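Participant: Using the hints provided, position chain B relative to the given structure of chain A.
Protein chains: 2
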Amino acid sequence: MKRAVCLLSGGMDSAVSTAEALHAGFEVHALSFDYGQRHSIELEAARRVAAHLRVRDHRIVKLDLRAIGGSALTSAIEVPKDRSEEAIGASVPVTYVPARNLIFLSFALALAETIQAHTIYLGVNAIDYSGYPDCRQEFLDAFERVAEKATAAGAERGVRFSIAAPLVQLDKRGIVLRARELGVDLGLTHTCYDPVQHRACGRCDACRLRLRGFEQAGLIDPVEYL
Amino acid sequence: MKRAVCLLSGGMDSAVSTAEALHAGFEVHALSFDYGQRHSIELEAARRVAAHLRVRDHRIVKLDLRAIGGSALTSAIEVPKDRSEEAIGASVPVTYVPARNLIFLSFALALAETIQAHTIYLGVNAIDYSGYPDCRQEFLDAFERVAEKATAAGAERGVRFSIAAPLVQLDKRGIVLRARELGVDLGLTHTCYDPVQHRACGRCDACRLRLRGFEQAGLIDPVEYL
Chain A
221 MKRAVCLLSG
231 GMDSAVSTAE
241 ALHAGFEVHA
251 LSFDYGQRHS
261 IELEAARRVA
271 AHLRVRDHRI
281 VKLDLRAIGG
291 SALTSAIEVP
301 KDRSEEAIGA
311 SVPVTYVPAR
321 NLIFLSFALA
331 LAETIQAHTI
341 YLGVNAIDYS
351 GYPDCRQEFL
361 DAFERVAEKA
371 TAAGAERGVR
381 FSIAAPLVQL
391 DKRGIVLRAR
401 ELGVDLGLTH
411 TCYDPVQHRA
421 CGRCDACRLR
431 LRGFEQAGLI
441 DPVEYL
Chain B
221 MKRAVCLLSG
231 GMDSAVSTAE
241 ALHAGFEVHA
251 LSFDYGQRHS
261 IELEAARRVA
271 AHLRVRDHRI
281 VKLDLRAIGG
291 SALTSAIEVP
301 KDRSEEAIGA
311 SVPVTYVPAR
321 NLIFLSFALA
331 LAETIQAHTI
341 YLGVNAIDYS
351 GYPDCRQEFL
361 DAFERVAEKA
371 TAAGAERGVR
381 FSIAAPLVQL
391 DKRGIVLRAR
401 ELGVDLGLTH
411 TCYDPVQHRA
421 CGRCDACRLR
431 LRGFEQAGLI
441 DPVEYL
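Note that the protein sequences, when read in sequence, are chains A and B. When you line the first sequence up against the numbering used here, it's residues 221 to 446, in that order. When you line the second sequence up against the numbering used here, it's residues 221 to 446, in that order.
If you're looking for bench data, these hints aren't it; they were derived computationally from the structure. Among the clues, some could well be false.
[Claimed, not checked] Have a look at the derived ranges for each label pair, beta carbon to beta carbon:
#, chain 1, residue 1, chain 2, residue 2, range
1, A, R303, B, A244, 39 to 45 Å
2, B, S260, A, Q389, 42 to 48 Å
3, A, G256, B, E247, 22 to 28 Å
[Stated by the list, open to error] The calculated PhoX-like cross-link candidates involving lysine-lysine, where the alpha carbons are at most 25 Å apart (straight line), are:
#, chain 1, residue 1, chain 2, residue 2
4, B, K369, B, K222
5, A, K369, A, K222
6, B, K282, A, K282
7, B, K369, A, K369
Please read all numbers here as calculations on a predicted model, not as lab measurements. For glycine and all other residues, C-beta sits at the position ideal for the given N, C-alpha and C.
Pulled out of the complex, with its shape left as it was, chain A reads as follows:
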């Protein structure tokens, strides 16, 4: 059976992306990171989603991005609230973690080489990418090229690793609708940058994009808001 490594954050996008890998017939090896997020609630969501989707295995790699600094997700910068759609899309947000997807994909590649998987799934989407440069197709293309040079499998045995980003052309509405088609329970996922006692704030950029997606899909978001 073909294997895929699937990056699983606990959010809506990576849950749907992982479901796409299963739908495509892959044996799924999910990978999450414990990187000093403000909220362990994300990892709890990743565990719930992995169990719900019945992936083959789920590994959590501990790493410490706090030693690097530079982001509201890992250090003590205020998370912006109630921003307009224009403001959300216009610039790199303070919640940007430097080179995060590159770091995560590098670990996914290491695991892929170890278990002889040639495909890595991740849930980035370029439409509602909220200013993150490492959610764009051209980043993914550049990663495929470096993966070929970075590994023994690529450099010695000619293996080509492919990065599958099945949501890259979808907006949040499309992702919500695709989740329903694939039977993914989005009530298990977690999106909010600033939750209070397991309830989403409804006001950070991530919550606003998610809520708009459900609204445009004509569906109710099953997670609890403040």
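Facilitator: Below, chain B alone, put in the same frame as chain A:
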């Protein structure tokens, strides 16, 4: 003052590479990894070298490559001993850690973006590279291209990150001689894959390449061997 991030492993090569960055006039921010190496002796050596070279700061990022598996440096595979030069150079060794330099460079890039450094030094060398694919120039070139796409600095502000590998064309003899020119005390460094009570084995691939380098340079290796 221009800043550089320098990957510092505690080995001979990264010590000389870091000294090159200082010699070129950079303010040096050294970066090491605590990745579940068999021997914390490597990190002790990195700390000694950082102090010896008087770098501006030295960060140690904890990460757990053991969750990934697949290498004699992080799991329980036997380290090969007494191999011929032909055998050392001919194939990817069991001490290969999948995608390791890609992972390390990704963290270095995150730090570079955070502190506004545009140059990353690492001590790879392609002559005595002992079969590691991610020590080759073409890997470094591919990394420069992905770095441009992976970061806000690159994608939004046109910053180009450059990967400096000043030893890439040197053999171990050349590195030993360059260390002397730059005043690097190689007695502080650690190379062995399988040390016993802080003494190098003299028989693993890394020790053999190192000892041959000193021999060809006409110098005595100051570290203690079994």
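Participant: Hint compliance check: list the failing hint numbers for this structure, sorted ascending.
Facilitator: The structure conflicts with no hint, since it agrees with every one listed earlier.
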